[in-house]
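Enquirer: Sequence:
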Amino acid sequence: MSKKDILYPNNKNGIYLYEYPMINGVKQYIQVRGADKSNPLILFIHGGPGGAVSGVTHILHEGWEDKYTVVNWDQRNAGNTYVANKGKAEDIAKTGTMEDFVSDVDDIIKYLHTVYEFDKIILMGFSWGSAISLEYAKAHPENVKCVANVGQLFNYREGILCTCHKLLKIIPEGTKDYDRIKMIIKKFPEKPVWNKELMYIMRYFNFIAYKNYGKYMRRTPLLKRLNSPFMNREARKISNRPKAQYLEKSYETMVNYDFRETMSFQVPVYFIFGEDDIVCPSDILSECFDGVEAPVKELHVIEKAGHCCFYDNPESFNKILNSIIYGEYKN
8 MSKKDILYPN NKNGIYLYEY PMINGVKQYI QVRGADKSNP LILFIHGGPG GAVSGVTHIL
68 HEGWEDKYTV VNWDQRNAGN TYVANKGKAE DIAKTGTMED FVSDVDDIIK YLHTVYEFDK
128 IILMGFSWGS AISLEYAKAH PENVKCVANV GQLFNYREGI LCTCHKLLKI IPEGTKDYDR
188 IKMIIKKFPE KPVWNKELMY IMRYFNFIAY KNYGKYMRRT PLLKRLNSPF MNREARKISN
248 RPKAQYLEKS YETMVNYDFR ETMSFQVPVY FIFGEDDIVC PSDILSECFD GVEAPVKELH
308 VIEKAGHCCF YDNPESFNKI LNSIIYGEYK N
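Numbering (the working numbering), first residue to last: 8 to 338.
The hints are simulated quantities; they were obtained by calculation from the structure and are not laboratory data.
Careful, some of the hints might be misleading.
List time: in silico EDC-like cross-link candidates among lysine to aspartate or glutamate, alpha-carbon distance up to 20 Å [unchecked claim]: (1) K231 x E241; (2) K173 x D184; (3) K34 x D126; (4) K222 x D184; (5) K19 x E124; (6) K189 x E165; (7) K34 x E165; (8) K304 x E142; (9) K193 x E204; (10) K222 x E282; (11) K256 x E124; (12) K311 x E282; (13) K218 x D186; (14) K173 x E294; (15) K10 x D73.
Since we're looking at a predicted model, the values are computed, not measured.
Generate the whole structure from the sequences, applying the supplied hints.
Expert: Pasting the structure below:
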């Protein structure tokens, strides 16, 4: 299949847009794709910070565009948005508060109303993006049909320490990995700051956690990523390694986020996790789920999947997502 055929499939009622509207004074990349404009509209809010997925939707979101119209947005200093604003990256790096991202989502929804006919939008936040998704839904419930979040960020520190304590139960005592996990628990700051020390700790954590819980975590094919029709050469270079120095404010916002600060929602909320999620384990949310107030609330845990459960086990994930979204549109 040619690049043109991938970018612009021959679907008469479809929509395939790749644009850079001004969002809160910053040129930001928006990708809108779907086989039928009458399908439900999802705004996917990526993780990271800096983990834009617009360039690999053909890998990660396979099959979604047949049932939904999917909007991918590259956040401030991420992916194609970073490439479009290289000369302004240092200034943009000074932004990145939750208020900035909530305001961005609001502007994006206003833009989408100019290119797509819809009443309310479905928000799907992934990992860090799940925090933005929930905060937007709290601030502007009138614009949101429902929230269907994946790998819900609860509290960054508590999520990592929860996985560390699970690792101590399966790693033989006295081994290097056991001692390193004990070190992480001891040194993980009570009030995290995204600096070299925390990055050093997280390198050890990721290596050990993936070694023990990575059985079902799939890696994206390198050639498909390198040959992505959705990215130019420069965007491909940063797709795996976003420039951390331009994301410090966003990281600061992420590590200080706590789901428990407000657990009351005016829209239906759905949470989907992989059972082997090492970054945002479902255990913590499960413990306080009874305290979540919403018109509808559901918690789903997918077997044989990690943090990126929609890619690790797409069959199970797509069944859950389909039941959530089309269930909402029957109500």
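Enquirer: Against this structure, judge whether each hint is valid.
Expert: Now for the hints, and whether the structure bears them out:
no. : hint        : verdict
1   : K231 x E241 : holds (16 Å)
2   : K173 x D184 : holds (13 Å)
3   : K34 x D126  : violated (25 Å)
4   : K222 x D184 : holds (17 Å)
5   : K19 x E124  : holds (16 Å)
6   : K189 x E165 : holds (15 Å)
7   : K34 x E165  : violated (35 Å)
8   : K304 x E142 : holds (16 Å)
9   : K193 x E204 : holds (13 Å)
10  : K222 x E282 : holds (11 Å)
11  : K256 x E124 : violated (34 Å)
12  : K311 x E282 : holds (7 Å)
13  : K218 x D186 : holds (15 Å)
14  : K173 x E294 : holds (16 Å)
15  : K10 x D73   : holds (19 Å)
In summary, the structure is inconsistent with hints 3, 7 and 11 from the numbered list given earlier, while agreeing with the others.
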